[in-house]
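Asker: Residue strings, one per chain:
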Amino acid sequence: MTTATATPSSASVSEDLRHVTVVSRKSALVLTVVTALMALLLLLSPREGDVQYRMGAEGDALRLPDVALPGMTVAWVCVAIAAVLAAVAWLQVRAERTLSFAVPMVFAVVLLVAFLSWAGAGSPQDFPVSRIIGGAVLLSVPILFGALGGVIGERAGVVNIAIEGQLLLGAFAAAITASLTDSPIAGLLAAVTAGMLVALVLGLFTITYKVDQVIVGVVLNVLVIGLTSFFYSEVLVPNAERLNETDRFAPVAIPLLSEIPVLGPALFRQSVLVYLAYVTVPAVWFALYRTRWGLRLRAVGEHPKAADTVGIKVLRTRYRALLIAGGIVGVGGAFYTVVSVSSFGKEMTAGAGFIALAAVIFGKWDPLRAALAALLFGFASNLDDMLSLVGAPVPSQFMLMLPYVVTLFAVAGLVGKSRAPAADGVPYIKE
Amino acid sequence: MSEDRQLGGDEVARPQHVGEEDAGARQAVLQADRTGDAEGRVVPDPDAGRWHDALRRVTQGSWAVSVGAVVLAVLAGSVLIAVTDEAVQEASGYFFSRPSDTLAAVGSAVGSAYAALFRGAVWNFQADDLAGAIRPLMNSLNFATPLIGAGLGVALAFRAGLFNIGGRGQMLVAAAAAGWVGFGMELPVVLHLLVAMAAGIAAGAVWAGIAGLLKAATGAHEVITTIMLNYIAFYLVSWMLATPGLLQAPGSSNPKTPPMQDTAVLPDLFGPRYNVHWGLVFALVAVAFVWWLLNRSRLGFTFRAVGENPAAARVAGIDVPRTTVSVMLVAGGLLGLAGATQVLGTVTTGFSSDIDAGIGFDAITVALLGRSSPIGVLFAAILFGAFKAGGSVMQASENVPIEIVVVVQSLIVLFIAAPPLVRAVFRLPQPGERPARKPRSRSKQKEVAA
Numbered sequence: 492m493t494t495a496t497a498t499p500s501s502a503s504v505s506e507d508l509r510h511v512t513v514v515s516r517k518s519a520l521v522l523t524v525v526t527a528l529m530a531l532l533l534l535l536s537p538r539e540g541d542v543q544y545r546m547g548a549e550g551d552a553l554r555l556p557d558v559a560l561p562g563m564t565v566a567w568v569c570v571a572i573a574a575v576l577a578a579v580a581w582l583q584v585r586a587e588r589t590l591s592f593a594v595p596m597v598f599a600v601v602l603l604v605a606f607l608s609w610a611g612a613g614s615p616q617d618f619p620v621s622r623i624i625g626g627a628v629l630l631s632v633p634i635l636f637g638a639l640g641g642v643i644g645e646r647a648g649v650v651n652i653a654i655e656g657q658l659l660l661g662a663f664a665a666a667i668t669a670s671l672t673d674s675p676i677a678g679l680l681a682a683v684t685a686g687m688l689v690a691l692v693l694g695l696f697t698i699t700y701k702v703d704q705v706i707v708g709v710v711l712n713v714l715v716i717g718l719t720s721f722f723y724s725e726v727l728v729p730n731a732e733r734l735n736e737t738d739r740f741a742p743v744a745i746p747l748l749s750e751i752p753v754l755g756p757a758l759f760r761q762s763v764l765v766y767l768a769y770v771t772v773p774a775v776w777f778a779l780y781r782t783r784w785g786l787r788l789r790a791v792g793e794h795p796k797a798a799d800t801v802g803i804k805v806l807r808t809r810y811r812a813l814l815i816a817g818g819i820v821g822v823g824g825a826f827y828t829v830v831s832v833s834s835f836g837k838e839m840t841a842g843a844g845f846i847a848l849a850a851v852i853f854g855k856w857d858p859l860r861a862a863l864a865a866l867l868f869g870f871a872s873n874l875d876d877m878l879s880l881v882g883a884p885v886p887s888q889f890m891l892m893l894p895y896v897v898t899l900f901a902v903a904g905l906v907g908k909s910r911a912p913a914a915d916g917v918p919y920i921k922e
Numbered sequence: 017m018s019e020d021r022q023l024g025g026d027e028v029a030r031p032q033h034v035g036e037e038d039a040g041a042r043q044a045v046l047q048a049d050r051t052g053d054a055e056g057r058v059v060p061d062p063d064a065g066r067w068h069d070a071l072r073r074v075t076q077g078s079w080a081v082s083v084g085a086v087v088l089a090v091l092a093g094s095v096l097i098a099v100t101d102e103a104v105q106e107a108s109g110y111f112f113s114r115p116s117d118t119l120a121a122v123g124s125a126v127g128s129a130y131a132a133l134f135r136g137a138v139w140n141f142q143a144d145d146l147a148g149a150i151r152p153l154m155n156s157l158n159f160a161t162p163l164i165g166a167g168l169g170v171a172l173a174f175r176a177g178l179f180n181i182g183g184r185g186q187m188l189v190a191a192a193a194a195g196w197v198g199f200g201m202e203l204p205v206v207l208h209l210l211v212a213m214a215a216g217i218a219a220g221a222v223w224a225g226i227a228g229l230l231k232a233a234t235g236a237h238e239v240i241t242t243i244m245l246n247y248i249a250f251y252l253v254s255w256m257l258a259t260p261g262l263l264q265a266p267g268s269s270n271p272k273t274p275p276m277q278d279t280a281v282l283p284d285l286f287g288p289r290y291n292v293h294w295g296l297v298f299a300l301v302a303v304a305f306v307w308w309l310l311n312r313s314r315l316g317f318t319f320r321a322v323g324e325n326p327a328a329a330r331v332a333g334i335d336v337p338r339t340t341v342s343v344m345l346v347a348g349g350l351l352g353l354a355g356a357t358q359v360l361g362t363v364t365t366g367f368s369s370d371i372d373a374g375i376g377f378d379a380i381t382v383a384l385l386g387r388s389s390p391i392g393v394l395f396a397a398i399l400f401g402a403f404k405a406g407g408s409v410m411q412a413s414e415n416v417p418i419e420i421v422v423v424v425q426s427l428i429v430l431f432i433a434a435p436p437l438v439r440a441v442f443r444l445p446q447p448g449e450r451p452a453r454k455p456r457s458r459s460k461q462k463e464v465a466a
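Residue numbers (this note's numbering), protein chains in the order written: chain A, 492 to 922; chain B, 17 to 466.
No wet-lab data here; the hints were simulated from the structure. Hints may contain errors.
Facing chain A, according to a computed beta carbon distance under 10 angstroms, are these residues of chain B, among others [unchecked claim]:
1) D101
2) D117
3) L119
4) V122
5) H237
6) I240
7) L245
8) Y251
9) E419
10) L430
11) A433
12) P436
We put the beta carbon where it would ideally sit given N, CA and C, even for glycine.
Extracted from the complex, chain A is given alone in its bound form:
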């Protein structure tokens, strides 16, 4: 499926692989298959009636009219666009160029609209577009912060499987602190500290004691689950009012921006943590690719020996990266107890850390792409609510399953072989 043009070299095998240019037909193939499947669905199970998209939200200054369109027509138009995108992908293959990241992203959005239009056709309920987007953004916050932290850690050469544990301990610390101080900001800071604490333990074992990073990550997750559940039963439940009842961050509307039709209410009437996410994503990107710190960090992750030779302190750089990453993941943990709900519950992160890990790899260890992947997962978790609203024709379990199936397809086809930083997961021992 993959055409590889290798430049032969007398050096070692790994040297060869670094100079391979890969033109992959997989993306084009997957786009074609998915388009065909969607068309098949529309053919086999046509649905009558209009689909209604509610464009406005309560309190808009400038309110767009709601849109009612024949569902099947919209769906077919979307499939046609998808087919065009698939054709573009094939043309790129013929021209031996790699497909840009935008094509699969647009493809995903188009297919989503096609699917929603099909599912919502004939339903008396309408799709509140702003709420769909806004809810997705909100739900993606912990995954996004988790993924950003994961990207930083792995770029420095430390695989962080403990994202789940960092999120959970962050949520736990935020719940207690915010309850005691009546201040969600204090909770946020406590979550950051908790994330850094887990990162410190991870660093101690993987950087100082050179234990396998995957092992430590997995075990730290279990440890945090055990600790938080233990203290939850022993301490939080008996003193729930004093220790486990937080004031949440209220949504804040940004003047002007929040008045943009459709997108304004979705993106700019959100919790403070969402705005923090808007700032953090470009900040992490800038720090990684445009600062001396980022250059050093990436050098340490790709070739620690070379970095050491030019005088970069490898272990210290890794510790710093891990701690910063831990703090960022901790912010995501705060989401659970000072934004989403106002109390801590056992294992409340429910695997979001692993989804974040998937977003890191899906996003090819790049902060922007990882953030987009996190957003995709946010959409996925939000989709079910939306479809149950309009009375979807498919059992709800399949709706809930869909995002994970899409990810499976995407990882297999659209992203292809992801390449981790070269020294990712390898402890550095100075000679």
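Take the given structure of chain A and dock chain B to it, following the hints.
Answerer: Frame of chain A; chain B shown alone:
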């Protein structure tokens, strides 16, 4: 863990020396070439007497570290129990006037908690007769049964350099398949059970095989695909459980299956007094099978070769993608065994979508503690089974939340994974000046390279 990652990392930072050097630790480490044992520092030392050597092995070998790790973890658990105990908190209020009160309270809290753990896991010293006294041990074995199969599945994947987090999905699919055969088909006595078990194993293998196939064909990272397959399996099984005619019990609206037919239920191993069933025998057979597979078979050799160095394996003529698929098939089959014994032995009255009971994730810790060797996994699974059995008794009688067991378990694995730390705490000698290395590891290295 991907091929690339290894290839890239290979040249970059090959450690000259890593603290733990014995063969057991190398198995635990995912990629043996990272531990750097190819330097061939074998210096024959004729002066070292046998006893001297034995003593050195005891203090430097892995089991001294393991004991130290268990001691440390239990100590940490004691601290947690003491800190959250009400009597201790009360007594510590006047610690400086009467410190003995605090110490006594700590002693009684910790002592009674661990006594309850022991009573629930190993030996019930409050029972009237021997049969009652060993009941906890039987409970532990019952809890250990699915952990053995599941742990083997994760460990086998580890040995081939793959990280199988998909235990949950593989177990769920296997439980669905085995359960469907178990309650839905009419078959003669022994055959029914065997068909149901085979269905479960096959379903688990297929589910994991999807991840293997995706990795082999497209390079999709198995960490992502197995996690995604977990969710897909969960919703798939949930849907089947909620759909009459598939898995849902007739005439019921609960997402639960009807009970298994008697012909498909795994019989009790030691009579009806104990809940240990024949699943344990299946699990033990699986241990023997995996041992044989890894150490004596051609296929297992390719597994280990790919796990230790895929590039070398490929050069040696091993079909790496094909091996990846085979590994995942066998690993999924082992997790499928665990899922099947759950529904045919442990919960025979019909199951719902929580039948996996977190075993798929516990299996990862079991595999790590067992250092990915079949025998190690067996003992790790029994230890964790004992913790589970004892933990529930401790929760019931002493009001100590069962999660303390999770904390102690994870700390054990964490400490075992960091031998230098444990050695430093207990002042055990650090390895390094050990004169002779086991020749086995050298020959293995040669085999892989050949």
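Asker: Please name the hints from earlier in the document that this structure breaks, with their numbers sorted from lowest to highest.
Answerer: 2, 3 and 4
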